[in-house]
Every structure is written in C-alpha cells, then in structure tokens.
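Chain by chain, the residues:
4 protein chains.
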Amino acid sequence: MKPLFDAGIIGGGVIGLASAYYLAKAGLRVAVFESGKTGSGASSAAAGMLGAHTETEKDDAFFRFAKESQALYPKLAHDLLLESGIDIQLQYNGMYKLAMTAEEADSLKKRAEIEKDVEWHSKEKVQEYEKGITDAIYGALKIEKDGKLTPAALCKAFTKAIQLMSGKIFENTPVYKVSRFEGSHYEIETPQDTFFCEALILANGTWSSRLIKEFTRNIFVHPVKGECLSVTMKDGKLSSTVFHESCYLVPKLDGTIVIGATMKEGTWNTEPSVQGIAALMNKAVKIMPAIEDASFQRAWAGLRPGTADSKPFIFKHQGIPNLFVATGHYRNGILLAPKTGEMIRDLFFNRPAAEEYVHAFRMDRAAGVKL
Amino acid sequence: MKPLFDAGIIGGGVIGLASAYYLAKAGLRVAVFESGKTGSGASSAAAGMLGAHTETEKDDAFFRFAKESQALYPKLAHDLLLESGIDIQLQYNGMYKLAMTAEEADSLKKRAEIEKDVEWHSKEKVQEYEKGITDAIYGALKIEKDGKLTPAALCKAFTKAIQLMSGKIFENTPVYKVSRFEGSHYEIETPQDTFFCEALILANGTWSSRLIKEFTRNIFVHPVKGECLSVTMKDGKLSSTVFHESCYLVPKLDGTIVIGATMKEGTWNTEPSVQGIAALMNKAVKIMPAIEDASFQRAWAGLRPGTADSKPFIFKHQGIPNLFVATGHYRNGILLAPKTGEMIRDLFFNRPAAEEYVHAFRMDRAAGVKL
Amino acid sequence: MKPLFDAGIIGGGVIGLASAYYLAKAGLRVAVFESGKTGSGASSAAAGMLGAHTETEKDDAFFRFAKESQALYPKLAHDLLLESGIDIQLQYNGMYKLAMTAEEADSLKKRAEIEKDVEWHSKEKVQEYEKGITDAIYGALKIEKDGKLTPAALCKAFTKAIQLMSGKIFENTPVYKVSRFEGSHYEIETPQDTFFCEALILANGTWSSRLIKEFTRNIFVHPVKGECLSVTMKDGKLSSTVFHESCYLVPKLDGTIVIGATMKEGTWNTEPSVQGIAALMNKAVKIMPAIEDASFQRAWAGLRPGTADSKPFIFKHQGIPNLFVATGHYRNGILLAPKTGEMIRDLFFNRPAAEEYVHAFRMDRAAGVKL
Amino acid sequence: MKPLFDAGIIGGGVIGLASAYYLAKAGLRVAVFESGKTGSGASSAAAGMLGAHTETEKDDAFFRFAKESQALYPKLAHDLLLESGIDIQLQYNGMYKLAMTAEEADSLKKRAEIEKDVEWHSKEKVQEYEKGITDAIYGALKIEKDGKLTPAALCKAFTKAIQLMSGKIFENTPVYKVSRFEGSHYEIETPQDTFFCEALILANGTWSSRLIKEFTRNIFVHPVKGECLSVTMKDGKLSSTVFHESCYLVPKLDGTIVIGATMKEGTWNTEPSVQGIAALMNKAVKIMPAIEDASFQRAWAGLRPGTADSKPFIFKHQGIPNLFVATGHYRNGILLAPKTGEMIRDLFFNRPAAEEYVHAFRMDRAAGVKL
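Residue numbers (my numbering), protein chains in the order written: chain A, 595 to 965; chain B, 595 to 965; chain C, 595 to 965; chain D, 595 to 965.
Be aware that a few hints might be false.
[Said to hold, decoys possible] Computed from the model, here is a short list of chain C residues facing chain A with C-beta under 10 Å:
(1) Pro597
(2) Ala696
(3) Tyr723
(4) Gly726
(5) Asp887
[As the list claims (entries may be wrong)] Straight-line alpha carbon distances no greater than 30 Å define the calculated BS3-like cross-link-like pairs of lysine-lysine that follow:
(6) Lys807/D x Lys807/C
(7) Lys661/D x Lys771/D
(8) Lys669/C x Lys877/B
(9) Lys831/D x Lys619/A
(10) Lys858/D x Lys877/A
(11) Lys831/D x Lys771/C
(12) Lys880/C x Lys717/C
(13) Lys717/D x Lys771/C
(14) Lys877/A x Lys631/C
(15) Lys880/C x Lys771/B
(16) Lys762/B x Lys828/C
(17) Lys631/C x Lys828/B
(18) Lys831/B x Lys858/D
(19) Lys858/A x Lys858/C
(20) Lys631/A x Lys661/D
(21) Lys762/D x Lys631/C
(22) Lys880/A x Lys858/C
(23) Lys717/D x Lys631/C
(24) Lys762/A x Lys717/D
(25) Lys831/D x Lys669/A
(26) Lys858/A x Lys762/B
(27) Lys669/B x Lys669/C
(28) Lys828/B x Lys828/C
(29) Lys725/A x Lys631/D
In case anyone wonders, no lab produced these hints; they're calculated from the structure. Source: prediction; values computed, not measured. From the three backbone atoms N, C-alpha and C, an ideal C-beta is built for every residue, glycine too.
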C-alpha cells in the first residue's frame with residue numbers, strides 16, 4: 595500500500611523548504627515536490643540580505659513579522675549546522691542606507707530619531723568604517739540588526755535536514771495536478787507517481803496561481819525578474835552591506851561582493867541581460883568608486899514571486915480542509931522564511947497564531963488588493 | 595485579439611524542435627513550449643552519434659527510418675548553418691564496433707557479409723587506423739556511413755532558425771493543461787499566458803504520458819537515465835567512434851572524447867553518480883588503455899524517454915483532430931530527429947507517408963507492446 | 595644520453611605553436627616549453643578575427659604579411675582537421691567597419707575607391723544584411739575577405755598535431771634560464787629538467803624581453819590588457835563581424851557573439867574589470883541596440899604583447915647562431931600565426947625569405963623604435 | 595626613488611602567504627611575488643584537513659610542530675575574519691582512522707592506549723556516529739582534536755589581510771632572478787619591474803630549488819601530484835573526516851564531501867587523470883558504500899612539494915644575510931602554515947625559536963637526507 599504523507603509541500607524553494615522543515619521537526623512525515631532542484635529558482639538568486647529595516651519604513655504587521663523572522667535566524671543557523679553539517683554563513687555586520695541628496699539625508703535623519711536600532715552617520719563617520727564609499731554621500735542610516743546569509747547554503751541545509759528527519763524531497767518532479775480525493779486526502783500527480791497526503795501546502799512562488807485556483811478563487815502572483823552580479827575587490831574592503839535605492843552591495847564571507855538587483859516585470863526569462871548587468875555596474879561604481887577596478891566574477895538572474903501589495907500570502911484556507919498557502923514573498927523570501935515556516939506549522943496544528951499576521955497575509959485581505 | 599498559432603509544439607527537446615523547424619519551413623506559424631531551456635534535457639546529454647547501424651541488427655522499418663533520417667543530415671547541417679549561423683559539427687569518420695570475444699567476432703563477421711556499408715577489420719587493421727585500441731580485441735566491424743554531431747549545437751541551431759522564421763520559442767514555460775476548445779482549436783495553459791493553436795504536437799519526451807492521456811488512452815514512456823563523461827588525451831588520438839556493448843568513445847571536433855552511456859531505469863535523478871562514472875571509466879580503459887592517462891574534463895546525465903519496444907511513437911491521432919505525437923525516441927533522438935520532423939510535417943499536410951512508418955510508430959502498434 | 599631537440603620553442607601561445615608546427619612538418623624534432631597550458635594566455639583571450647584589412651590602412655609590408663598569413667588559413671584549417679581531429683571553425687562571413695559620423699563615412703568611402711576587396715555599403719544596404727545594426731550609422735565598409743576562427747581550438751589543434759608528429763609539449767614548465775653551451779647547443783633549464791636543443795625560438799609574447807636580453811640588447815615588449823565578453827541574442831542574428839573604433843562584435847559558430855576588446859597598458863592583471871566590461875557593453879549597445887536584451891554569458895581578459903610600433907619582431911639573430919625570435923604580435927597573433935610560423939621555418943632552413951619582411955620585423959628596424 | 599620592502603616573499607601559496615601575514619602583522623612592509631594567482635597551486639588543491647595526528651605516529655619534533663600549528667588556528671581564523679571579512683570555515687568534527695584488518699585494528703588500539711586525544715571506537719560505536727561507514731571495518735581510531743578548513747578561503751583571507759596591512763601582492767609575476775646587491779639588499783627581477791627588499795623569503799614550494807641554489811647548495815624539492823574529487827550525498831550524511839590509507843573523505847560546510855588524494859611522483863601535469871579519479875571513487879565506495887549513489891561534482895589536481903624525508907625546510911641561512919627558506923611542506927602545507935609563518939617571523943627578528951624545530955627543519959639536517 596502507498597504511503598500517506600502527513601503533508602505534501604508543493605515547491606522546493608526557501609519557503610517550501612522552511613515549511614517542510616518546521617513541520618518535520620514537529621514530527622510530521624513530509625514530502626516536498628520540486629520541478630527542478632531545491633533552491634534553484636528565486637531562492638538561490640537572492641543576495642541573502644536579512645533587511646527587515648530596509649524593506650519597509652512603516653511599523654506595521656509586515657515589519658513586525660519580518661523582525662520576528664530575522665530574530666529566528668541565529669538559533670536556526672545553529673540547528674541547521676548541527677543537523678545537516680551545512681553552514682548558512684549567517685553574519686551580522688550591519689547595513690548602510692545611503693543618502694545621496696539633502697532630501698534623502700533629512701528623511702533618514704528623521705527615521706534615526708524615531709526608530710530603534712538605527713542611527714544616522716555623517717559622511718565622515720561612514721567613511722571611517724567603510725573607506726571606499728563615495729564622497730558624494732550626505733551620510734547614511736546605520737542599521738545595526740540586519741544581517742545576511744548565503745541563500746544557496748540555506749536551501750541545501752534545509753534539504754539535507756529534512757531528509758535526515760525522514761522527509762522526502764522529490765526533485766525533477768513537477769506537479770501535474772492536485773486533487774482532493776473522496777473528501778479525505780490529497781492526491782498529487784507527478785510524472786514519477788501519484789502521491790497521497792493529508793494536508794497540502796502550496797509554496798511554489800511565481801508558479802503558485804495555477805494550483806490555488808483549482809481550489810478557490812485565484813491569488814495573483816507574478817514574476818519580477820532580478821539580476822545580480824558578483825565581483826572581488828583588488829584593494830580595499832567592504833564590511834557592511836551598503837545600499838541606495840534598489841542597488842545594494844553585499845559583502846560575502848568568501849571575499850566576493852554581490853551587487854543586486856534589478857526589478858523587471860512581465861518577463862519569464864531567467865538569464866542576466868546586458869542592459870541589467872551594465873546598469874548595476876554603473877550604479878555600484880557611483881556608490882563605491884573602487885568597484886570600477888574590481889574583478890568581475892559572474893552574473894545571474896531569478897524570478898521573484900510578486901503580489902499586488904508586495905506582501906506574501908500565508909494562510910490556511912477557510913473552506914477547504916487541510917489546505918495551506920505560503921507564497922508571494924517577492925524579494926523577502928530569505929528574510930521571511932523561518933517565520934513563515936513557523937506560522938504554517940502553527941496553522942497546521944491550530945495553535946494560536948498572531949491575529950495581525952493572519953489578517954495581514956490572508957488571501958482576501960484588502961479591497962484594494964487585486965486578487 | 596490573441597494570435598492563433600498554426601501549430602503548438604509541447605517540448606523543446608530535439609524532437610519538438612525538429613518538428614517545429616520543418617513545420618515553420620513549410621510556412622506555418624509555430625510556437626514551442628519548453629519548461630526549461632530548449633535542448634536542456636536528454637537532447638544535450640546525448641553523445642551525438644548518428645548510429646543507424648549500431649542501434650539495430652534487423653533490416654526492419656525502424657532501421658530504414660533511421661537510415662533515411664541519417665541521410666537527411668548533410669543538407670540539414672548546411673541549411674542550419676546558413677539560416678542560424680550555428681555549426682552542428684556534423685562529421686563522418688565512421689565507427690568501430692569491437693569484438694572482444696571469438697563469439698562476438700563471428701557474429702560481426704556474419705553481419706559484414708550480409709550488410710552493405712559495413713566491413714570486418716582484423717585486429718591489425720583496426721590498430722593501424724586507431725593506434726590506441728586494446729590488444730584484447732578480435733577485430734571490429736567498421737561502419738562507414740555512421741556519423742556524429744554536437745547535440746547542443748543542433749538544438750541551438752534549430753531554436754535560432756525557428757525564431758528567425760518568426761516562430762515563437764517560449765522557454766521557462768511549463769504547460770499546465772491542454773484542452774480542445776469548442777471543437778475548433780487547442781488552448782495551451784501556461785504560467786505566462788493561455789495560448790491558442792490549430793494543431794497540437796506532443797513532443798515532451800519522458801514527460802509525454804500526461805498530456806497524451808488527457809485525450810486518449812495512455813502511451814507509456816518512462817525515463818532511462820544515461821550518464822556520460824568527457825576526457826582529453828595527452829598523447830594519441832581517436833578518429834572514429836569506437837564502442838563495445840553500451841560503452842562508446844566518441845571523438846569530438848574540439849579534441850575531447852565523450853564516453854557514454856549508462857542505462858538506468860526507474861530514476862528521475864539527473865546528476866551523474868559516482869558508480870556510473872567509475873563504471874564508464876573502467877570500461878573505456880579496457881577499450882583504449884591510454885584513456886587511463888587522459889585528463890578528466892566533466893561528467894553529466896540525462897533522462898531518455900524509453901518505451902516498451904524501444905521504438906518511438908510518431909503518429910496523427912485517428913480520433914482527435916489535429917493532434918500529433920512524436921515521443922519515446924529513447925537513445926535515438928538525435929539520429930531520428932530530421933526524419934521525425936519531416937514525418938510530422940507530412941502527417942500535418944496529409945501528404946502520403948510511408949505506410950510502414952505509419953504502421954511501425956502508431957500508438958496501438960503491437961499486441962505485445964504495453965501501452 | 596639526453597635527447598637533443600632540433601629546436602626548442604619557448605612559449606606555447608599561438609606564435610610558439612605555429613612555429614613548432616611548421617618546423618615539425620619540415621621534419622624537425624621540436625620541443626615547446628610553456629609555463630602554463632598551451633594557448634592559455636593572450637591566444638585564447640583573442641576574439642579570433644582575421645582582420646588583415648582592419649588592422650592597417652596602409653599598403654605596407656605589415657599589410658602584405660597579414661594578407662599572406664590570412665591566405666594560408668584555408669589549407670591550414672583543412673590540414674589541422676585531418677591531423678588533429680580538431681576543427682578551428684574557420685569562417686568567411688565578411689566584416690563591416692561602421693561609419694558613425696559623416697567624417698568617418700568620407701574616409702571609408704575613399705578606402706572603398708582605392709582598395710580591392712572592400713566596398714562601401716549605404717546604411718540601407720548594411721541593414722538589409724544585418725537587420726540589427728543601429729540607425730545611427732552613415733553606412734559601412736564591407737570587407738569581404740576577412741574571416742574568423744576559434745583561437746582556443748586553433749591552439750588545441752596545433753598542440754595535438756605537434757604531438758602526433760612526435761614533437762614534445764612541456765606544459766607547466768617555466769623556463770628558468772637559457773644558455774648557449776660550449777658554442778654548440780642551447781641548454782634550457784626548467785623545474786622538470788634541463789633540456790638540450792640545437793636551435794632556440796623565443797616566442798613567449800609579453801614575457802619575451804627577459805630571455806632575449808640574455809643574448810643581445812633588449813627588445814621592448816609590454817603588456818596591453820584586453821577584456822572581452824560573450825552574449826547570446828534572444829531575437830535576431832548577426833552574420834558578419836561588425837566593428838567601430840575598438841569595439842567589435844564577432845558572431846561565432848555556436849551562436850554566441852564575442853564583444854571586445856579594451857586596451858589597457860601598464861597592468862599585468864588578467865581578470866576582467868567592472869569598468870572594462872561595462873564600457874564594452876555600452877559600446878556594443880550603441881552599435882546594435884538589441885544587444886541590450888541579449889543574455890550575458892561570460893567575461894575574460896588577456897595580455898597582448900605590445901611593441902613600440904605595434905609590429906611584431908620576427909628574425910634570426912645575426913650574431914648568435916641558431917637563435918630566432920617571434921614575438922610582439924600585439925593584437926594580431928591569430929592573424930599572423932601561420933605566416934610567422936612559415937617565416938621562422940624558412941629562416942631556420944636559410945630559405946630565401948621576402949626581403950621586405952626581414953627588414954620590417956628585424957630587431958633594429960627603425961631609428962624611431964624604442965628598443 | 596624605488597620603495598625598499600622589508601621582506602620580499604617568493605611564492606603566493608599558503609606558506610608564502612602565512613609568512614607574509616605574520617611579518618606584516620609585526621609591522622614590516624612586505625611584498626609577495628606569485629607567478630599565477632595566490633593560492634592557485636597545491637594550496638587550493640588540498641582537502642583542508644588539519645591532521646596533526648594522522649601524519650605521523652611518532653612523538654617527534656615534526657609532530658609537536660604540527661600540533662602547535664594546529665593550535666594556532668582558532669585565533670587565526672578569528673583574526674582573519676575580522677581583518678579580511680573572509681571565513682576560513684574552520685571546524686572541529688574529529689576524524690576516524692579506519693581499521694580494515696585485524697592487524698590494523700591492533701595497531702590502532704595500541705595507539706589509543708598510548709596517545710592523548712585519541713580513542714579506539716568499536717565498529718558499532720563508529721556506525722552509531724557515522725551511519726554510512728562500511729560493515730567491513732574492525733573499528734576505528736577517533737582523533738578528537740584534528741579539524742579542517744577550506745584552503746582556498748584561507749589563501750584569500752591571507753591575501754586580503756596582507757593587502758589591508760599595506761602589503762603588496764604581485765600576481766601574474768614570475769620571479770626571473772634574485773640577486774644580492776652590493777652586499778646590502780636583494781633585487782627581485784620580474785617581468786613587471788625589478789623590486790628591492792632587505793630580506794628574502796623563499797617559499798615557492800615545488801619550484802623552490804632553483805632560487806635556493808643560486809645562493810647555496812641545493813635543496814631537493816620534487817612534485818608529488820595529488821588528485822581529488824568532490825561529491826554530494828543524496829541520502830545520509832558524513833560528519834567526521836574518515837580515512838583509510840591514503841583515501842580520506844572530508845565533509846565540508848557546504849554539504850559536499852571531498853575525496854582525496856592520490857600520490858604520484860615524477861609528473862608535472864596538473865590535471866586529474868581518469869585512472870586517479872576512478873581509483874579514488876573505488877576506494878571511497880569501499881569506505882562508505884552509499885557514496886556509490888552520491889552525485890559527482892568535480893575533480894581537480896595539484897602538485898605538492900615533496901622532500902626526501904617528507905619534512906619541510908624552514909630556516910634562516912647561516913652564511914647569507916637575511917635569507918630565509920620555508921618550503922617542502924609536502925601534504926602538510928595547510929596544517930603547518932601558521933606555525934611556519936610564526937617561525938619565519940621569529941627567525942627574522944632573531945627571537946629565540948625552539949631549538950628542536952631549528953634543528954629538525956634546517957637545510958643540512960641529516961646525513962641520510964638527500965639534499
């Protein structure tokens with residue numbers, strides 16, 4: 595007789611893996627279905643910033659969710675190292691959000707007065723810490739708490755840890771069809787076989803809409819292409835992540851600096867374009883002139899799952915039993931993965947979840963949201 | 595209003611691309627739907643032998659189809675170079691099928707007596723042409739007409755040529771669902787959009803069964819994993835392709851020798867395994883001892899679409915209008931692509947096609963075939 | 595007793611390999627000494643244009659030497675394929691030298707009137723052949739005879755052919771010291787061993803000065819860094835090589851377009867810089883706007899051996915027996931390799947060589963040349 | 595006027611870099627001369643084991659030196675992370691030396707009784723910790739203190755740290771000649787320029803003999819090629835390094851397992867051979883059967899600097915002022931780098947160094963050593 599999984603997770607990106615990981619740790623028998631290799635899509639294309647403070651300026655539910663998720667990482671990194679033997683390279687070196695105009699400087703100074711964990715640094719002070727930053731800045735907001743990690747390592751660590759807890763990871767396994775069978779369990783049809791599971795977690799990012807609308811009215815998730823490149827500096831060093839507008843420079847533990855990321859709607863292409871890479875190079879040189887002489891290493895691209903209000907969908911379906919959705923994490927998948935995984939686990943076990951998150955990430959959240 | 599394609603081809607491997615190419619050359623407006631990148635599956639993993647004589651020892655329909663397909667390559671290579679600017683590296687250096695036992699020698703000598711274009715070479719004669727072949731051989735069958743090419747280049751050339759004839763290639767575009775709409779045209783549902791087309795060609799190899807069974811009783815196509823490696827020799831040279839049992843050594847125009855291929859049923863994994871690569875290395879060294887000192891270059895794997903009788907399915911559906919199938923080409927996709935493309939084109943235009951091929955590759959061909 | 599090579603060639607770039615190849619074909623026992631791998635320096639970094647007409651506008655000895663060298667390639671390509679099994683991908687699709695100003699147009703029109711094998715094409719005519727070229731051009735000079743090939747393949751083919759003629763290729767073998775021993779033969783000191791040879795050919799490009807000055811007054815060869823990138827176009831195609839000033843777009847037989855090359859003096863760094871790659875991208879988009887959407891493939895760099903008058907040194911030393919020099923080929927190594935190899939062979943055998951070439955490429959050629 | 599470096603270090607492998615690093619930290623102005631890129635030779639090819647206990651079974655000077663060097667790593671890793679931003683991935687998971695025969699078991703049990711920090715584990719106990727180890731073992735010696743790191747990261751971290759302390763790293767800079775000038779300083783002749791320095795440290799591994807013999811009687815250092823491959827396991831995990839004879843399996847922090855290493859004398863070839871990789875695969879499968887199904891990742895090779903007694907040379911020359919040698923570290927370069935760097939620094943400053951190390955690693959140490 596066929597095995598019946600407790601939970602089938604559709605999508606082996608960081609959100610699907612995090613959901614599977616927390617469910618497996620809670621003792622469930624899980625199966626992850628991934629059409630390519632785990633972490634091969636948007637997850638690995640990410641630069642790996644944990645930018646809770648950089649993604650929003652409002653103290654709202656999303657911001658609090660992001661901060662809670664960020665706070666889960668130190669323990670998670672430790673657990674994953676022990677469980678999987680893989681180091682996700684978590685680091686807390688802080689971030690600088692640059693002010694390149696007087697207006698931007700004013701705005702950032704105001705944030706520094708109001709918010710905790712952020713501080714205004716004058717140009718001189720910024721350059722004391724980060725010698726290579728351009729003279730053209732007015733100063734920068736220092737964000738202490740935001741860290742970074744290596745996304746590909748995170749996905750590998752989740753994958754290995756799930757397998758070692760007897761979870762199944764089916765790679766090269768696109769899901770053709772999902773159906774609720776005889777009012778009791780789900781059937782997941784794949785080229786390899788048809789699998790059975792009690793609960794279903796839809797976590798396939800940019801490709802989420804299809805399966806969701808089989809069950810319910812649709813959720814609109816669309817691709818937003820992001821391109822990145824990496825370089826190594828011959829002289830000089832960057833310690834903190836530094837960013838301005840949508841160009842960020844993220845120093846990694848192997849000595850490279852990742853420069854990202856473009857934002858392109860309406861394309862499903864996953865290769866870095868000449869235009870995108872050239873634009874990033876130009877912006878990076880404006881932020882840190884010595885990047886001009888840095889050695890180019892490589893370039894890549896990925897498709898982020900965008901939503902109308904740039905917030906994710908994380909909910910238990912109200913009408914259909916044991917159906918969960920975790921998708922639309924846009925450019926925040928790495929940041930939000932641990933808290934999303936915990937929330938899916940809590941929803942699964944009907945544990946009390948924070949009302950504001952249930953409200954903020956439900957499918958029918960706002961009249962203004964195009965669903 | 596939405597464009598209506600004359601033909602929608604599901605699958606951007608070499609069979610789907612060949613079908614689209616010949617249809618586009620006949621003046622049709624085609625669209626190819628590929629879940630990854632064109633040619634990224636079994637097609638690019640192939641070693642690129644055009645082994646009409648190596649794949650069968652019977653003079654049957656399959657053998658004649660293979661020889662006709664092989665004969666189409668010189669013109670096709672020329673056309674593709676002019677149309678796309680890409681060289682598929684077609685070469686006719688002949689092949690040696692080795693006899694490693696007295697029994698094998700007898701069997702090959704008999705073939706040499708009966709068949710055209712093949713000749714028995716004594717050990718001494720083989721070693722005169724190919725100095726590095728092992729002393730352990732009894733001789734070999736020289737197969738003059740069989741050639742080789744570079745599969746990845748073939749797929750790129752088809753892709754570019756189709757695009758330049760205004761055909762559309764949709765990469766990163768898995769097909770969720772295909773339905774025949776209002777008795778008139780097909781709708782192809784993808785994450786990007788829903789597309790319309792008059793005719794449908796199913797050519798998605800190992801993944802073919804699903805869509806076919808939406809329309810008709812199923813065709814059983816299953817994955818047969820093949821692993822390969824490439825090496826470069828420090829001293830010595832190999833001119834012809836040389837093989838024994840399922841281990842072949844294929845010299846390429848860039849100086850590498852491709853060594854393949856394993857045959858593993860029942861797995862969907864697409865990464866080369868330690869066991870598979872080690873086994874190929876051991877066999878190759880037995881065939882050509884100096885391979886021992888060759889430099890290892892790289893290893894890879896792919897999934898061939900296997901069928902019960904190891905023959906492809908190429909047919910126009912008898913009950914459903916404008917539905918065509920071209921799949922199950924197993925380890926012969928590169929060899930059979932041109933003739934398959936032509937046959938699909940001829941079936942499309944209701945041109946008279948060779949009765950024996952229609953019969954040989956129809957879906958319900960033999961009582962003994964498990965469908 | 596130790597073997598005595600007829601000729602020891604210092605440098606396994608395209609010039610050293612061509613010299614060794616022609617000497618080996620003449621029946622000599624040759625040895626090539628290369629500190630890294632053959633063809634791994636400037637030779638493989640080259641884009642592979644055979645631009646006899648693009649490198650000079652004067653009908654001088656250099657120009658004639660270049661044209662003769664170019665004319666040797668068809669036979670050489672054929673021979674190398676037979677001898678080594680490696681295809682150097684020689685192609686003659688012509689080149690376009692673009693006029694982006696009225697002044698440039700005038701100058702090119704004048705060349706078209708005077709020179710053979712070149713023709714002025716109006717903007718309309720250019721765009722008829724090459725649809726993607728920018729509207730900003732005034733027209734272009736069509737250069738029919740200039741071809742292109744794949745430099746890395748050329749170096750591999752030379753290497754394999756030399757080995758199969760019993761020549762020795764010593765890779766990973768820097769030459770520490772060369773000395774003329776007892777007035778009779780040369781000793782080549784390397785980490786592996788000390789080797790003996792009758793004649794010495796110095797062909798180590800950017801690194802040539804050192805060994806030359808051991809014997810004679812110095813020849814000044816300095817590095818000129820060149821950076822390149824490759825892209826693939828999603829739509830459209832480029833058939834001819836197209837260039838303006840020092841930015842050229844070279845379509846290759848595998849469907850990629852190589853874009854090169856920067857010119858940077860005074861550096862020994864061999865990695866592509868952010869600034870260099872960004873500059874090339876910007877220039878390429880000006881020449882062919884659709885490059886903007888092309889997929890970036892990779893970037894690389896190499897060091898060309900520059901000389902004061904940008905002409906090579908190819909000579910037999912007048913005072914020291916059996917000492918030959920072939921270096922300083924700057925950005926023309928691929929173009930000039932066959933004729934340089936032949937000239938070294940002819941000098942070796944004291945065959946009559948064209949007086950003008952002996953004069954043009956001798957070490958003490960011009961008062962104005964800084965040696 | 596030209597700068598005068600305090601110390602010129604010939605060789606940018608891990609030993610040269612470690613020497614430069616400790617000298618720079620002591621306040622000296624250093625320059626490193628490297629013919630390729632730093633860490634690109636034997637250093638990066640190493641698997642990164644810190645096997646003080648695995649390299650010797652005698653409690654001699656070499657063993658004590660190795661243990662002291664190993665003990666320096668925790669602080670060094672911490673310092674390098676702060677200074678360079680690069681994590682050398684130091685890990686202490688212990689090692690298992692396997693007993694595959696009763697004889698080996700006896701021998702290891704005896705070691706367990708005598709030595710500190712090592713313990714005999716029965717087969718059952720080994721398999722409790724490392725589930726995948728073969729049933730064919732008799733048990734294993736658990737070596738607690740030995741760790742591992744990522745050699746390429748170590749070399750990058752040293753390089754960056756030296757640069758940030760104003761040290762100069764000259765890459766692509768072979769040293770043609772070194773001469774002691776006017777009895778006062780050294781001149782280092784390179785293709786880029788001639789550099790001056792007060793002291794000279796010869797640390798160019800396999801290539802050391804040449805420069806040393808310019809000054810003094812020769813030290814014999816010869817290449818011992820080592821080949822490695824890396825794999826990832828689909829199921830199961832390896833936590834400790836496990837080895838038997840010269841085949842070790844080293845789990846890395848990114849989830850791969852490095853399998854090494856062959857030992858081949860008398861070759862300067864740096865590419866992995868078919869024979870070498872196949873042999874390692876076969877041995878690894880014997881140690882851990884599930885490796886059979888692991889995915890092959892890549893293969894590589896490097897040349898270790900071997901000496902007659904397999905011990906390094908680390909000394910200040912007695913006759914020539916300010917001349918230091920640090921070479922011949924064979925397969926222990928990573929392990930011995932920190933202590934070697936410290937010893938070179940101490941010798942430089944005439945600080946008291948341990949007599950036994952001075953004695954053990956001097957150039958004329960033993961009558962029996964072939965120098």
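Structure-based check of all given hints:
Interface hint status for Pro597/C: violated, as the beta-carbon distance to the closest one in chain A is roughly 42 Å, over 10 Å. With 10 Å as the threshold, the beta carbon of Ala696/C stays out of range of chain A, its nearest partner Cβ sitting at about 29 Å, so the hint is violated. Hint on Tyr723/C is violated. Least Cβ distance to chain A is approximately 23 Å, over the 10 Å limit. Interface hint status for Gly726/C: violated, as the beta-carbon distance to the closest one in chain A is roughly 13 Å, over 10 Å.
Evaluation of the Asp887/C hint against chain A yields a held restraint, the C-beta minimum of about 6 Å falling below 10 Å. Simply put, Lys807/D and Lys807/C have alpha-carbon atoms about 22 Å apart, close enough for the 30 Å limit, and the pair holds. With a C-alpha separation of about 36 Å, the suggested pairing of Lys661/D with Lys771/D is violated against the 30 Å cut-off. Using a Cα cut-off of 30 Å, the hinted pair Lys669/C and Lys877/B is violated, with the two alpha carbons roughly 38 Å apart.
This hinted pair checks out: Lys831/D and Lys619/A have alpha carbons roughly 18 Å apart, not beyond 30 Å. Proposed proximity of Lys858/D and Lys877/A is contradicted: the alpha carbons are some 50 Å apart, above 30 Å. With a C-alpha separation of about 51 Å, the suggested pairing of Lys831/D with Lys771/C is violated against the 30 Å cut-off. Between Lys880/C and Lys717/C the CA atoms are separated by roughly 15 Å; this keeps the pair inside 30 Å, and the hint holds.
Distance restraint check for Lys717/D and Lys771/C: the Cα-Cα separation of roughly 57 Å exceeds the 30 Å cut-off, and the hinted pair is therefore not satisfied. A C-alpha spacing of about 37 Å is found between Lys877/A and Lys631/C, which places the hinted pair above 30 Å, so the restraint is violated. Distance hint between Lys880/C and Lys771/B is unfulfilled; the C-alpha atoms sit about 42 Å from each other, more than 30 Å. Simply put, Lys762/B and Lys828/C have alpha-carbon atoms about 11 Å apart, close enough for the 30 Å limit, and the pair holds.
Distance hint between Lys631/C and Lys828/B is fulfilled; the C-alpha atoms sit about 12 Å from each other, no more than 30 Å. Restraint check for Lys831/B and Lys858/D: satisfied, since their Cα atoms lie roughly 24 Å apart, inside the 30 Å limit. Between Lys858/A and Lys858/C the alpha-carbon distance is near 34 Å, which puts this suggested pair outside the 30 Å criterion. The suggested pairing of Lys631/A with Lys661/D is violated, with an alpha-carbon distance near 42 Å, which exceeds 30 Å.
For the proposed pair Lys762/D and Lys631/C, the alpha carbon gap of about 27 Å is at most 30 Å, so the pair holds. This hinted pair checks out: Lys880/A and Lys858/C have alpha carbons roughly 22 Å apart, not beyond 30 Å. For the proposed pair Lys717/D and Lys631/C, the alpha carbon gap of about 47 Å is over 30 Å, so the pair is violated. Of the supplied pair hints, the one linking Lys762/A and Lys717/D holds, its CA atoms being roughly 29 Å apart against a limit of 30 Å.
For the proposed pair Lys831/D and Lys669/A, the alpha carbon gap of about 21 Å is at most 30 Å, so the pair holds. For the hint linking Lys858/A to Lys762/B, the alpha-carbon distance of about 21 Å falls within 30 Å, and the restraint holds. In summary, the hint linking Lys669/B to Lys669/C is supported, as the alpha carbons are separated by about 24 Å, within the 30 Å threshold. Our distance criterion of 30 Å between C-alpha atoms is broken by Lys828/B and Lys828/C, whose separation comes to about 38 Å.
This hinted pair checks out: Lys725/A and Lys631/D have alpha carbons roughly 26 Å apart, not beyond 30 Å.
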